[in-house]
Amino acid sequence: MFDWWEKLSGYFVFDILGLAHKSQMGEALHFFIYDTIKIFILLVAIIFLVSFLRTYFNTEKVRVYLQGKSEFNGNILAALFGIITPFCSCSAIPLFLGFMQARIPIGITFSFLISAPLNNEIAIAMLFGLFGWQITALYIALGLLVAILGGYIIGKMKLEKYILIPVTPMEGELENIKIESSIKQRVNEAWDYTVDIFKKIYLYVIAGVGIGAFIHGFVPADFIAKYAGGDAWYAVPLAVAMGIPMYSNAAGVMPLVEVLTSKGMLMGTALSFMMAVTALSLPEAMILKRILHIRLIGIFFGIVGFGILLVGYLFNFILGGN
Amino acid sequence: MKIEILGTGCAKCKALEEAVKQAVSKIGGFHEVVKVDDIVEIMKYNIVSTPALVIDGVVKSTGKLLSVDEVLKILKTF
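Protein chains in written order, with our numbering: chain A, 1 to 322; chain B, 1001 to 1078.
Simulated from the structure, these hints should not be mistaken for laboratory data.
Any given hint could turn out to be false.
To be verified - Interface residues of chain B toward chain A, partial, derived using beta-carbon atoms under 7 Å:
| hint | residue |
| --- | --- |
| 1 | Cys-1010 |
| 2 | Ile-1039 |
| 3 | Met-1043 |
| 4 | Val-1048 |
| 5 | Ser-1049 |
| 6 | Thr-1050 |
| 7 | Thr-1062 |
| 8 | Gly-1063 |
Stated by the list, open to error - Using 20 Å as the maximum straight-line C-alpha spacing, the simulated SDA-like pairs for lysine to any residue come out as follows:
| hint | chain 1 | residue 1 | chain 2 | residue 2 |
| --- | --- | --- | --- | --- |
| 9 | B | Lys-1014 | A | Asp-196 |
| 10 | B | Lys-1064 | A | Tyr-56 |
| 11 | B | Lys-1064 | A | Phe-57 |
| 12 | B | Lys-1064 | A | Asp-192 |
| 13 | B | Lys-1064 | A | Leu-49 |
| 14 | B | Lys-1060 | A | Gln-185 |
| 15 | B | Lys-1044 | A | Val-64 |
| 16 | B | Lys-1064 | A | Ile-183 |
| 17 | B | Lys-1012 | A | Ser-89 |
| 18 | B | Lys-1073 | A | Arg-186 |
| 19 | B | Lys-1060 | A | Val-64 |
| 20 | B | Lys-1012 | A | Leu-288 |
| 21 | B | Lys-1060 | A | Ser-182 |
| 22 | B | Lys-1064 | A | Ile-84 |
| 23 | B | Lys-1012 | A | Pro-283 |
| 24 | B | Lys-1060 | A | Arg-186 |
| 25 | B | Lys-1060 | A | Glu-189 |
| 26 | B | Lys-1060 | A | Val-187 |
| 27 | B | Lys-1073 | A | Val-187 |
| 28 | B | Lys-1060 | A | Ser-181 |
| 29 | A | Lys-199 | B | Ala-1011 |
| 30 | B | Lys-1044 | A | Ala-102 |
| 31 | B | Lys-1012 | A | Cys-88 |
| 32 | A | Lys-200 | B | Ala-1011 |
| 33 | A | Lys-200 | B | Ala-1015 |
| 34 | B | Lys-1064 | A | Val-195 |
| 35 | B | Lys-1012 | A | Phe-198 |
| 36 | A | Lys-38 | A | Trp-5 |
| 37 | B | Lys-1060 | A | Tyr-56 |
| 38 | A | Lys-61 | A | Ile-183 |
| 39 | B | Lys-1073 | A | Ala-190 |
| 40 | A | Lys-184 | B | Lys-1073 |
Virtual Cβ for every residue (Gly too), placed ideally from N, Cα, C.
Between the sequences and the hints, there should be enough to build the whole structure, so can you do that?
This is how it looks when you write it as structure tokens:
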């Protein structure tokens, strides 16, 4: 899909700038230019597409669909909605309380709360750009599995007592709040949103790809396997622990992960790391702390973290050491 | 009319309040602009994403940072 760009950027680096083929500097620069532009194109295209589709779904609608659904089915639906619904961690509180008002069990709410940030448009666009559609599909499928089962288990644990704000369940069925928009409005809105996100993350992408390009050109291919224990048992938990504080930097971190996988980091470890980056976010935990007991947040992180660990180990086991 | 901005204090909520104030100053006339911060109050409007814009008790937008022009358009329909 990007062969033309590979050739064009190669022509620029090796023929116009005159850097030698196979030289470390030339390879690093070629990689940097090629990767940055490729990711930028994909980011803009995917974020635009996702945010356009999202203008048709708001969280209010999701609540109407989820109301009265049985457990498990509800968990599956909630996790699926998490893919297409716009979600910002600053909305976590009204979302949580609003779902409770509609008598949606907390397990189903958690399925949504796990899935929504995990399947955010930036992560999906970056994964697609860096690893291709197969890894992206795996990431989404396994992320859904963690969200469905994680939410289901939390639901079974009867943790309602850890919710700190009393919620009065509303009577009867919800009505859909109708907000009309034309196609043109939706396109404009999606485009504005895309530009907005792009402005926020492009520096991270450049920095991430830049450091990645350096590693790509100057660090030997077996570096991680040799010095950091690519298939050691602690690689996956270490990756998850490192991923937690990095939420806001997903766009910058992912190019690094891609390069590290080419230097011997196992794919399962990489997947675990990226899931930890998106699904376990400290800012979201801080926000939820205002309405949830710390113990419930701990259980939430524990279950999701454990699920992500399993995904990592499973993958490393299935795919083996490349 | 009575214009309410619902939000718990996130960056987008403050930005929406700013946009609403600008839109109101453009449209002229006397209007009441209220920022609702209390989550228990916010939940009474039956929404699940913030910031939200409410005019005379009717929810007009949720989970979105509207531009000044968009707010103007909504205000003009009243």
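B/Val-1048 as an interface hint toward chain A, with CB separation required under 7 Å: 3 Å, holds
20 Å limit on alpha-carbon distance, applied to hinted pair B/Lys-1060 and A/Glu-189: 16 Å, holds
Straight-line alpha-carbon gap B/Lys-1073 to A/Arg-186, limit 20 Å: 15 Å, holds
Distance restraint between B/Lys-1060 and A/Gln-185, which requires alpha-carbon spacing of 20 Å or less: 15 Å, holds
Restraint status (C-alpha distance of B/Lys-1064 to A/Ile-183 at most 20 Å): 17 Å, holds
Distance restraint between B/Lys-1012 and A/Cys-88, which requires alpha-carbon spacing of 20 Å or less: 10 Å, holds
Pairwise hint evaluation, A/Asp-192 against B/Lys-1064, where the allowed Cα distance is 20 Å at most: 12 Å, holds
Straight-line alpha-carbon gap B/Lys-1073 to A/Ala-190, limit 20 Å: Satisfied, since the Cα-Cα distance of roughly 18 Å is no more than 20 Å.
Pair hint outcome, B/Lys-1012 versus A/Pro-283 [Cα-Cα no greater than 20 Å]: 16 Å, holds
Given hint B/Met-1043 near chain A, where the shortest CB pair must fall under 7 Å: 5 Å, holds
Holds or violated: A/Lys-184 to B/Lys-1073, with C-alpha atoms at most 20 Å apart: 15 Å, holds
Given hint A/Phe-57 paired with B/Lys-1064 - CA-CA distance at most 20 Å: Roughly 12 Å separates the two Cα atoms, so the pair holds.
Hint violations for this structure: none, all hints satisfied.
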